[in-house]
Structures are given as C-alpha cells and as structure tokens.
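Peer 1: Here is what each chain is made of, one letter per residue.
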Amino acid sequence: MLNSKLRKSCRSSTISLQNPKISYLLSSFSHKSTETPSGSCQFSHSAPENRISPSWFCSNSLPSIKNPNGFHQNPLFSSLSESKNPISASGSSSSRPNFSGFCSNSLPNIKKPNGFHQIPLFSTLSASGSSSNSLPSSKNRCQSHQSPVIWTQSHYFSTEAVVEPSTTDGLTVEGIMASNWTILDESESDWRSHAAAVAQSIHLIKKRLKWKKLVVRLDMLSMQLNKPDIWDDPVHAGKISREHGTLMGKMKEVRSFERELLEHIDMIKLAHEENDVELESESLKALHRMRKNSKEKELQAMLAGEQDPCSCYIEVQAGAGGTESMDWAAMVMQMYKLWAQQRRYKVTVVDEMPGEIAGIKRATIKVDGEYAFGYAKAEVGVHRLVRISPFDSNKRRHTSFAAVAVIPIMGDGSTRVQINESDLRIERFRAGGAGGQHVNTTESAVRIVHIPTGVTATCQNERSQHQNKASAMAVLQSRLDQLEMARQAQMNALHTQSLTDITWGSQIRSYVLHPYRMVKDLRTGYEVSDPDSVLEGDLDGFIMSYLSASLDKDVDDQ
Amino acid sequence: MSTPPTSLKPQLPLFLRPPLHSASVSDLRKWHDWAKNLASSVGTTFLDSDNGPDSDLLCRELKWLMEDAIEDHAVFSQMGIENNQTNVRLRMGIEELYNLWKQRIEERRPFQYLVGCEHWRDLVLSVQDGVLIPRPETELIVDLVADVVSNNEGLRGGLWADLGTGSGALAIGIGRILGSCGRVIATDLSPVALSVAAFNVQKYGLQDVIELRQGSWFKPLKNVEGKLAGIVSNPPYIPSDNIPRLQAEVGRHEPRLALDGGLNGMDDLLHLCNGAALMLRPGGFFIFETNGEKQCKSLAKYIENDIRGSFHSLDIVSDFAGIQRFLTGLHQ
Ligand SMILES: C[S@@+](CC[C@H](N)C(=O)[O-])C[C@H]1O[C@@H](n2cnc3c(N)ncnc32)[C@H](O)[C@@H]1O
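Line order of the protein sequences matches chains V and R.
Sequential numbering from 1 applies to the first sequence in my numbering.
Sequential numbering from 559 applies to the second sequence in my numbering.
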C-alpha cells in the first residue's frame, strides 16, 4: 500500500521521471520500502531469527544497485519506465555505466538488505518530519517524497540527527552516564538501573561506531551534497549520497534508541507524579526490554566492516601429527557446521579431503547467510586440542592442531575482481594414466590456477567435474576478491585495523579435554569449562568477546 | 520422438527409487563402519595394480552411496551415533547395501553401477550394466560445441548427430545448448544403451529435441545425408590388445562394444571421419574424442592426406589432464 502511494507521488514528479539520478534514488527508496514497510519498527521491536542478527548499524546494507538487472527488477523503476524511460529521457545512452558507476567504489553489494534505515534518501527525508516519535510514521515519509527536488533537502537532516535528544527536564544519555546510577542485576526492577545500563550500551555503541568522526564526516558529506553542481559528476555524487545515507542510517538508529530510552524515562516520571501504577510497570518493562536488546545492539555495532555482511568460506586444515590431527580437524569442522546451523546459516561442503584412518586432511565449507563472515572471521587461526588420544592404545595425552581460515564471499557487484579465462589454467587433480575410456573413476576434482597471482582453488567434493570446476571457480573468485580487498585496504589507511588477514594466523584457542576440561581463547582470555558445548557449536561467547575486544581497545576513538 | 526402439525397461537409479525399506540408525552405522573398514583395507592396492581407486576415493563413494540410499540424508547425518534405534527410511534394503559394497570392493564393480547413476556436467544420468559410464573428459565436448554454436546461428538451430550415444550424455548436453530449432539424432548399436538413453532424455524433458535411432554408425542416418550441422562422437577407441589390461572397473564390467576400437583403436574413428565427409552439410562441425595425442595426430593426417578437401580448420584440443583428447574440424 505504501508502495503504491509512493509510486503515485513519484509519477507526479516530472523531474524524477526525467532525471536518471533521481530515479535511482527513488528506486532504491521504493525498493526498500517495499520490503520493509514497517520501517524502523524493526529497530525497536526487533526479534530477529538469528539471535544476533545485525540488521542495523551495518554500514553497508545499501540496497543492491550494482547489478543492473536487480535494478531493473525494482518495482518502482519499472513503473517509471512504463510511463517514460527515465534513462533515454535524460539523453544518456545506457543506464548501465551510470548505475554501475555508483558502485564502482568501496561499497559492497548486499543482496538482501534487511533494514531500510540505510537508504540514503529515505533517512534524509524522514528526518525532515522531525517527529519526536522514535518510529517515524509512513505518512511523514510520503509527504517528504512528494517534493520534486529531493536531494536539496538533505541539510535538514544532518542537523536533526546531530541534535542531542533529551527528556522534558533536560536529561540526556550523557547526563545519565554522569549521574552514575548504580547498575543492578537485570532481574532487579529498578528503572534507574535499567536506564543506566541502556545508556552505557548506547555509549559503547557510539564508541564502536566512532561517533565523533561519524558526525564530522556526515557534515562534510552534507555540505558536498548541498552543492548545486554535485550531480554534474553522477558517479561521485552517487558515492557521496550513498555514504551519506549509510552513515545517516547508522546515526538515526542510535538516535532513535536514545530517544526511546528518554521517552520511557519521561513516562516513568510522569507515572510517578500521577501515581499511575500500570503505566509505571509498563514503562519499566519497556526499559527492561531495551536493556536486553541493547546487548544485541552492542554486538551488532561491531559488525560494521565492509565485508562483515557477506557469506563466507570456512577452511579447516589438519596440522602435523597424522590421524590425531585429522580427527581434530574434523571435530573443528563439525563445530563450525553446528555453529552455522544454530545461526540458521546454510552450510555446504565444498571440498573435503578425508584422512586415511579418520578425520579430514582439510575441508572447505560454504556458509551462506548475512554476517556469516563478520562473525566467522573471529575464528581465524590455529586451534589446539589436548586430550587422551582415542587412537593411542597406550592412552597417552596428545596435542593436536588445526588451522582455520575464513574467506568472505563478495556479492556480484563491481567490487568483484574480473577474471579472464585466458589467465586460468585448469587441471585435472590427481590425474594419471591414459584417462578417457581407459579409466573409470569417481575422482573428478579440478584445480584452477590463476596464473597472474598464483592463487589456486580446488574442489573435489562434487560428483561431476563440471560442478567441481564451478565450485572451484567460486572459491577462486572469493580468494581473488579478498586479495584485492586486502590490497585496497593497505592503500587505505582507514582500514588498517581490518581483520581480513588471509593467512592462517597464529594459535588463538586451546581446547583441553584432559587432565581438566576447559576451552580458553588465548587472545581474550575468555574461557568456558564445558568443551562439549563449544564443540557442539556454542561459539558465540568466544566470537563476541573477541570482536568486542578487538574493537573496544581503541579507547580514544569515540 | 524418442520412443526407444526396444522394449527394454531400464533400471531406476537408486536415488529415484521409493524409500520402501528402513533400518535403525545403529544398524546403518554398523553397516557404514563395516563398509568403511573394508574401504580402508584396500589402501593403495587397487591404485598400484591397475590405477584403480584408493581408500580415500572409496570412502567418498561410500558417503555418496549413503546420500543416495537414505531418504532424508541431511537429517540422518545429524543424528546421534550411540545406540540410536530411530528408524531411517531407505531406498534399498540394508542387506543389499552389504551386498553392493562387497561387489564394489571384491569384484571392483563400478560405483556408478551400484547407485545406477553418474553425475556428469550438471546432469544426473541413469546408467546400468551394459552402458558405458560417461567420463569427465567427455564433458568438454559440450563446452566445445557451446563455443562453436555461440557465434553461429546456423549451427545452433541445425540438426546434430551423437553417434554411439551410450547413456545419451552428449546428446542431452548438446540438446540443452542448441536453439529452439536445434535437434539431435542419437544413435547406438546397443539396445540397452538406447533404453537408458531414452530414460535420460525423458528425465530432462528433451523428447522433442532428441530422437533415438538404433543401428551401426551412419546406417540409421540415411535420410539426413548432407544435412547435418554437427556430428559428435566418443566412439570406442581403445586398441584391442589393451583390453585385457584395463582397470578392473572398466575391463571387467563395462561393455566391450563401447571400448574396443580394433587393432590400433582407430577402426571406428576412421569410419566416422569418412562418414562425416558425406553426412555434414557445408560448414558443418565435427568433434571426436580419441585415445590421445597419437590418435588425434594420425586422424588429422588421414584427413589432410586421404580425404583431402573435405575438411578445414582442424584442431586438436586437450582435456584437463593435458592429454590431446579431441579432434575438431569444419566441413568445406
Ligand atoms: C565410448 S562409448 C560412448 C558413450 C557415450 N557417447 C559417452 O560418451 O558416454 C561408445 C558407444 O558407441 C556404441 N557403439 C559401438 N559400436 C557402435 C556401432 N557400430 N554403431 C553405433 N554405436 C556403436 C557403444 O554401444 C557405446 O555406447
């Protein structure tokens, strides 16, 4: 319903119809609204399937516009082209260079953005209806959109988001922090304790998002967007506009969380004054809910990296030590399969080389789902096991190692490295003898070598050579993409702390089954006394503590 | 179009059979452990004796056998191991599973015959005793044909022939890349092969694209003389005296008719070259699979010297193992 309203409003705008830049903006807007008409409700009422599904704060959940096909499938866009082709109307010969141009920069392509918050234009506009309500009404949005000259309004927004929210009597989140209210256990029904806990979370989230830098950057972007000639270079303008929208989206989410907190405090105070027990207990419950949610939001704020939203490959390789290590490698792989299943990611085995007696020499799985890479990257490194070996008849204690690598799978956008067929050498893996009719084998693995870089990929787990080749190509593509990202990151000082190291890394965790039982992360000190639960995929504690440790050590970054 | 010219009834591949059997998880585990032990005991003995499978490969086959035999394999693989009495539905009785795996190891019966199918390209083709199991090398023929037709509408919409189609692999692969007007006639001498090919053609819904004909090489194609846009074939090309020393899976189980190419392995290839000169239309394309460099070169020489003027643009193409495997050319 919202969508049809929007369509109408857009059709009525002649400028939009004839200007491809605007159609792009509108199309991404409508695209998002179509998917989540409930708008920022997602934020405050979120009950995601994945326990920690960072549908917000992600800097990158821009609607996918890199793929020109995806773009054309956009409902609004097609409605526009029905009446008049916006591209030809502008005199540009093809939409493709234009639109791919918007994305040729560092913004990754997310196939399934699940929050509309990150839409550049939308956030810009919704803020102009400066509602104190943390859930902007759809009516507001539509009204803003009826304005034909859309981007010139952006300055409304940036100022609005920067305004510090407060309660009616002037209390702010920083004020709450300064009041040093005691934070009691979550089960204690004390509103100040809840409020202080939430305020603390907001503080942490801001820190993780590098709030001050964010504000400065946003101002700068707004200024640029307000320049009248900005669209003379549509590629640049698109980039600026997208970044502005992304940052604005992040900021808005925090602000609305903040506002929600302060509103509840207002309510509680009001309930006190009026002796309204029911209102008071309701607001208290709401605060309690916020407190619970805030932990999640803190974690989500950690996954703001460019590749974090991607699916990924997880590779496990047995260390030296024969069967013992191969068995351990299989256990580690199983741990990740179970972890991924618990998170409702889709798991596919890409490549698996079994050990002669037990376990695996190495294996690669593909983990499909949002933020798979963001979490799994915390697992890169060597994992060590100490136990009484089931393979040792003398029941001696053994130490085994398995190495884990994690590779993000980029979307189909233009950040992907172009691979030339002619740069590839495709070889039959373990080929021998005359081949052809002479040989009957179920071994149809191929190895693909990318000659210029020397990067290789093998797949042998599919049942046909053709499929092995396709899977290996996908792995190769991701490896090359990752290499390219690492190269770009090196050039870009801002990204130096990125976690995308392609190497196997050093020892990160110890799993001891004998003489005592414990799993301990050597990087964070986080430990658990029940190895079984960890080996059954209960890894989130380790992952989160590592992610937060690696992010929060940067104290003065706020 | 593709009613098989025989009344043979092909076997259903295991993964398509109804799950009429069942076994407890622990019994299945028992079978699995037994089978895995058997596979491990092979070590590299087959590999050393005739380039057969080693235990690694056999273990992977075992995994695939389970995938095909167990109705809900994904669920099964997550079930607890110890003493689980839950029943699992199977497409084959557990005794037969014991039986089959014994045949695999003791008789070297090809894995593909156990499960009644071979994954080839993006297809899953039914195969059974009496029909050659399509080889990975042969997949490339479809890619090469795809290259040729991609910039030649005439060939893309023309009539193609797959001679000695076996399971129908090439005909189906090519039938799926031709344009809407493209057709394939697939022939074989073997009635079993044709019945299996018919099953596969049906499975991929290509009855209107592929016509099956029984007979020796070009004999069933009299009515399309000079009209073919393309000819593909993977004819028998193993020299007769190599046959006794073949890998056991091949020599003991696959049909000799599909393998034996006469004294130097070139009998059928030469016959096909001669026939192609007659059957192809001007500009028509051929591709033949061969035993390797020697056959490719002597075939090319034969074409250049003995049937000079028939073909041009001869090319020898290697497979992924680097063996010069295919000869291609265009009719004048
Ligand atoms: C090596 S197999 C190839 C099968 C299939 N094209 C493939 O690539 O998997 C050779 C095939 O040629 C068939 N064949 C042998 N002699 C033949 C003949 N004289 N006429 C027609 N087909 C023949 C065999 O039955 C067998 O199916």
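If you are wondering where the hints come from, they were derived from the structure by calculation, not from laboratory data.
No residue lacks a Cβ here, since even glycine has one placed at the ideal position from N, Cα and C.
Careful: at least some of the hints might be erroneous.
[Said to hold, decoys possible] The calculated DSS-like cross-link candidates involving lysine-lysine, where the alpha carbons are at most 25 Å apart (straight line), are:
id: 1; chain 1: V; residue 1: Lys206; chain 2: V; residue 2: Lys295
id: 2; chain 1: V; residue 1: Lys337; chain 2: R; residue 2: Lys594
id: 3; chain 1: V; residue 1: Lys361; chain 2: R; residue 2: Lys594
id: 4; chain 1: R; residue 1: Lys567; chain 2: V; residue 2: Lys395
id: 5; chain 1: V; residue 1: Lys292; chain 2: V; residue 2: Lys210
id: 6; chain 1: V; residue 1: Lys213; chain 2: V; residue 2: Lys337
id: 7; chain 1: V; residue 1: Lys337; chain 2: R; residue 2: Lys621
[Claimed, not checked] Below, a sample of chain R positions facing chain V; criterion: calculated Cβ distance under 8 Å:
id: 8; residue: Phe604
id: 9; residue: Asp606
id: 10; residue: Asp614
id: 11; residue: Arg693
id: 12; residue: Val808
id: 13; residue: Glu812
id: 14; residue: Gln890
[Claimed, not checked] Covered by chain R, per the in silico footprint, the following chain V stretches (three or more residues, Cβ under 8 Å):
id: 15; segment: 442–453
id: 16; segment: 465–471
Peer 1: Now tell me, hint by hint, if it's right for this structure.
Peer 2: Evaluated hints:
1. A C-alpha spacing of about 13 Å is found between V/Lys206 and V/Lys295, which places the hinted pair at or below 25 Å, so the restraint holds.
2. For the hint linking V/Lys337 to R/Lys594, the alpha-carbon distance of about 23 Å falls within 25 Å, and the restraint holds.
3. Among the hinted pairs, V/Lys361 with R/Lys594 is consistent with the structure: their alpha-carbon atoms are about 17 Å apart, no more than 25 Å.
4. About 57 Å separates the Cα atoms of R/Lys567 and V/Lys395, which puts this hinted pair outside 25 Å; it is violated.
5. Distance restraint check for V/Lys292 and V/Lys210: the Cα-Cα separation of roughly 23 Å lies within the 25 Å cut-off, and the hinted pair is therefore satisfied.
6. Proximity of V/Lys213 to V/Lys337 is assessed by CA-CA distance (about 38 Å); at most 25 Å being required, the pair is judged violated.
7. Proposed proximity of V/Lys337 and R/Lys621 is supported: the alpha carbons are some 17 Å apart, at most 25 Å.
8. Hint status for R/Phe604 relative to chain V: violated, with the closest Cβ pair at about 11 Å, above 8 Å.
9. Interface restraint check for R/Asp606: the shortest CB-CB distance to chain V comes to about 12 Å, outside 8 Å, so the restraint is violated.
10. A least Cβ separation of about 6 Å between R/Asp614 and chain V falls short of the 8 Å threshold, and the interface hint therefore holds.
11. With a least beta-carbon distance of about 6 Å to chain V, the hint placing R/Arg693 at the interface is held under the 8 Å criterion.
12. Hint status for R/Val808: holds, given a least beta-carbon distance of 5 Å to chain V, under 8 Å.
13. Taking 8 Å as the C-beta contact cut-off toward chain V, the hint placing R/Glu812 at the interface holds, the least distance being around 7 Å.
14. For R/Gln890, the suggested interface contact is broken, since its CB lies about 29 Å from the closest CB of chain V, more than 8 Å.
15. A count of 4 residues in the segment 442–453 of chain V with a Cβ less than 8 Å from any Cβ of chain R is obtained; the coverage claim is therefore met, three being the minimum.
16. Here's how the segment 465–471 of chain V fares: 3 of its residues keep a CB closer than 8 Å to some CB of chain R, so the rule of at least three is met and the hint holds.
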